[in-house]
Amino acid sequence: MKFIRVNMNEKIITVEDVPQDYMGLGGRGLTSIMINQEVPPKCDPLGPENKLIFAPGLLSGTLLPNTSRISVGAKSPLTGGIKESNAGGTASAALGRLGITAVVIEGQAPEGELSFLRIDEKGNASLIPAQEYKGMRTYRLVEKILKSYGEKTSVLCIGPAGEYRLATASIQSSDVDDHPCRAAARGGLGAVMGAKGLKALIVDQRGKSPDTIADPKAFREAVRAVVKIVKADHMNSEVMPKLGTAGLVAPVNSMGAFPSYNARNGVLDGWEKISGESMAELIRERGGKTTHIGCSGCIIHCSNEFVDNEGKYVTSSLEYETIWAMGGMTGIVDMDTIARLDNLCDDIGVDTMSTGVAVAVAMDAGYKAFGDGKAAIEMVEEIGKGTEFGKILGNGPAAVGKHFNHARVPVVKGQGIAAYDPRAMLGQGVTFSTSPMGADHTAGNMVGEYLERKLDPLKAEGQVEGSRSLQIAMAAFDSMGQCFMASVALLNPEGEEAFRKVINAKLGIQLGSDDFPHAMGIRVLKAEREFNRKAGFTNKDDRLPRFFYEEPLPPHNTVFIINDEEIDSTFDF
Amino acid sequence: MKVSVKLYGTLHQRFPGYQHSQGIEVEIPDGATVKDLLALLEISDPKGITVIMEGRVLKMGDTMQCGVPVNVLQTIHGG
Numbered sequence: 001m002k003f004i005r006v007n008m009n010e011k012i013i014t015v016e017d018v019p020q021d022y023m024g025l026g027g028r029g030l031t032s033i034m035i036n037q038e039v040p041p042k043c044d045p046l047g048p049e050n051k052l053i054f055a056p057g058l059l060s061g062t063l064l065p066n067t068s069r070i071s072v073g074a075k076s077p078l079t080g081g082i083k084e085s086n087a088g089g090t091a092s093a094a095l096g097r098l099g100i101t102a103v104v105i106e107g108q109a110p111e112g113e114l115s116f117l118r119i120d121e122k123g124n125a126s127l128i129p130a131q132e133y134k135g136m137r138t139y140r141l142v143e144k145i146l147k148s149y150g151e152k153t154s155v156l157c158i159g160p161a162g163e164y165r166l167a168t169a170s171i172q173s174s175d176v177d178d179h180p181c182r183a184a185a186r187g188g189l190g191a192v193m194g195a196k197g198l199k200a201l202i203v204d205q206r207g208k209s210p211d212t213i214a215d216p217k218a219f220r221e222a223v224r225a226v227v228k229i230v231k232a233d234h235m236n237s238e239v240m241p242k243l244g245t246a247g248l249v250a251p252v253n254s255m256g257a258f259p260s261y262n263a264r265n266g267v268l269d270g271w272e273k274i275s276g277e278s279m280a281e282l283i284r285e286r287g288g289k290t291t292h293i294g295c296s297g298c299i300i301h302c303s304n305e306f307v308d309n310e311g312k313y314v315t316s317s318l319e320y321e322t323i324w325a326m327g328g329m330t331g332i333v334d335m336d337t338i339a340r341l342d343n344l345c346d347d348i349g350v351d352t353m354s355t356g357v358a359v360a361v362a363m364d365a366g367y368k369a370f371g372d373g374k375a376a377i378e379m380v381e382e383i384g385k386g387t388e389f390g391k392i393l394g395n396g397p398a399a400v401g402k403h404f405n406h407a408r409v410p411v412v413k414g415q416g417i418a419a420y421d422p423r424a425m426l427g428q429g430v431t432f433s434t435s436p437m438g439a440d441h442t443a444g445n446m447v448g449e450y451l452e453r454k455l456d457p458l459k460a461e462g463q464v465e466g467s468r469s470l471q472i473a474m475a476a477f478d479s480m481g482q483c484f485m486a487s488v489a490l491l492n493p494e495g496e497e498a499f500r501k502v503i504n505a506k507l508g509i510q511l512g513s514d515d516f517p518h519a520m521g522i523r524v525l526k527a528e529r530e531f532n533r534k535a536g537f538t539n540k541d542d543r544l545p546r547f548f549y550e551e552p553l554p555p556h557n558t559v560f561i562i563n564d565e566e567i568d569s570t571f572d573f
Numbered sequence: 001m002k003v004s005v006k007l008y009g010t011l012h013q014r015f016p017g018y019q020h021s022q023g024i025e026v027e028i029p030d031g032a033t034v035k036d037l038l039a040l041l042e043i044s045d046p047k048g049i050t051v052i053m054e055g056r057v058l059k060m061g062d063t064m065q066c067g068v069p070v071n072v073l074q075t076i077h078g079g
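In the order they appear, the protein sequences are chains A and B. Numbered according to my numbering, the first sequence spans residues 1 to 573. Numbered according to my numbering, the second sequence spans residues 1 to 79.
Please keep in mind that the hints were generated in silico from the structure rather than gathered at the bench.
With a cut-off of at most 20 Å between alpha-carbon atoms, the simulated SDA-like pairs for lysine to any residue come out as follows:
1. K273(A) with S21(B)
2. K273(A) with H20(B)
3. K454(A) with R56(B)
4. K454(A) with P46(B)
5. K59(B) with D456(A)
Covered stretches of chain B (chain A as the covering partner; in silico rule of three or more C-beta atoms under 8 Å from a C-beta of chain A):
6. 1-11
7. 40-52
8. 59-73
Since the structure is predicted, the reported quantities are computational estimates derived from the model, not experimental observations. Heads up, the beta-carbon is just placed ideally off N, CA and C, and yes, glycines get one too.
One chain only, chain B, in its complex shape:
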């Protein structure tokens, strides 16, 4: 299945030519998890990474959904 990904913070620096208005479209197997998605994006250490889909912060084991875009961000504290 295809998932549209937008990158935030400084993550775009890992993907030369990344155009934010378009994001990245990735092909992942049905049933793939957040961890699988991050592995595909070559983000091996999820520490400091937050994935949000439809307003929900996902856990590493949560399943991706076909056609539902996700935002991949860096964890940040407020104040």
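Looking at chain A on its own, in the form it has when it is part of the complex:
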């Protein structure tokens, strides 16, 4: 249980025991509570007062599978508010095995200076000059890092977009095959890393100094119980290994809630060409992988490896949100183009979701035609090259809307929406409006509530309560390093009880049913809301853009109908 604090001004690295205030925290809970406590809310997100925090989940690096999410937190240059973005891959487990609770990057290197931060197998950290890697894209960068430091190395890095400090720049995370294809993508944390002068965080995977487990026997038993529940879950055992998250393309289009052509329609013409089913068939035909392990300790295998028509690697993992952003929003119904765009974004180091929405806003403004895949690739390439237009695009949908003087910009708090139109999934609109992160796809995702017939997506009743409940639960599970898929299987009394036993056995405490996920989730959300209030956010920032209230969405031809008072009651706790 230790923090590694790195002062980028002075190049001083300090190791400290975890302070009492932060004990028992990990992942999102730790990053958000630390930022609320340590970062001046009105600071420049790209200045020295901001802090960039890497925190494995509380259970990362333990025996519990599917706990390989690493949370990255800072004040966001995209939203101006607090940000936690988490990614899969291998770094979280590697840090957990070293007993490192957080790596905190503070201050700012002199302009133009670039470093690696390396943590070796003993947990010793050092800063290494990295000028020669300036401007390098992430795939090449990771290859070079592995040549220097060995194959048992995890990498969290930025591409050119992070160095340009663009507001949608991502931090890319290497997967089990050493591809930097996982991303802490949302909110521009790559720009914060670039502003600090940090090109990569490099972690040796061979650490053998994890935190002590308070009751190892009880821990093993509790882990077995959780694994049994996760494996018994139909989605995790059947759908995820075959289609991955891309399996959502069919249900969301069938519901008329797939924001298409910059959210002008709820159904994409030709969506069957880019469905999870079509993708899996194409990958199979070409000899790629429809079932793939992307993260350390995964038992779900939701990842895939998309290959071209010669069987050559293009990208991994092609996910639902990316297929939507690069396909639905842009009207591009060609899987090869979408896969190419996914790879390009990972390589340049930008968020696929915000980039897809930004391209769609430009197309909606008349810059290029919807469906023009070649134009979309050229536009995204401009981000990598750092052209004037590339910088506008890389600063996100709102920047593009401003450039073209175009009002139809689907963002909340500056962050592009995810793959669920709020007019056809009202509760998702509540989550987009109120999440401290801005419009977010994991914070309180409602689609499962509708597909399980728990709620009618077009009726106002129950939407605020549903969003609130899921936002609380996810804030708690995001603190554990747990992936979304495994968390979903545990969102029931039996699953939560089993999960509490894991936490209790690890820490030697006795959390009760009120403590987790409820109290922990509320504690995290309160810290995030408090930071945003101090940064200047008001209830008016918890609103969707006007066109969602005014412009009916085909095919249901409905608008967003949750009133402001109800929205403002979401966090009445």
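With chain A's structure known, arrange chain B on it following the hints.
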């Protein structure tokens, strides 16, 4: 009455020779419900199954309509 059904997720594996472009045409009695349709498709446990017609997620007791196609899918959570 006849209802055209399209299967998604891994459901097609239960129907050898299933061609997605054509789907399956099933004959069900007038007034048949979603539960009846699933029984006919030999899906006895509706847990994990979602049926969508004209953009609406149907409940097990909802009535099928003649000539209106339905999508039968596996429940999935987003993120």
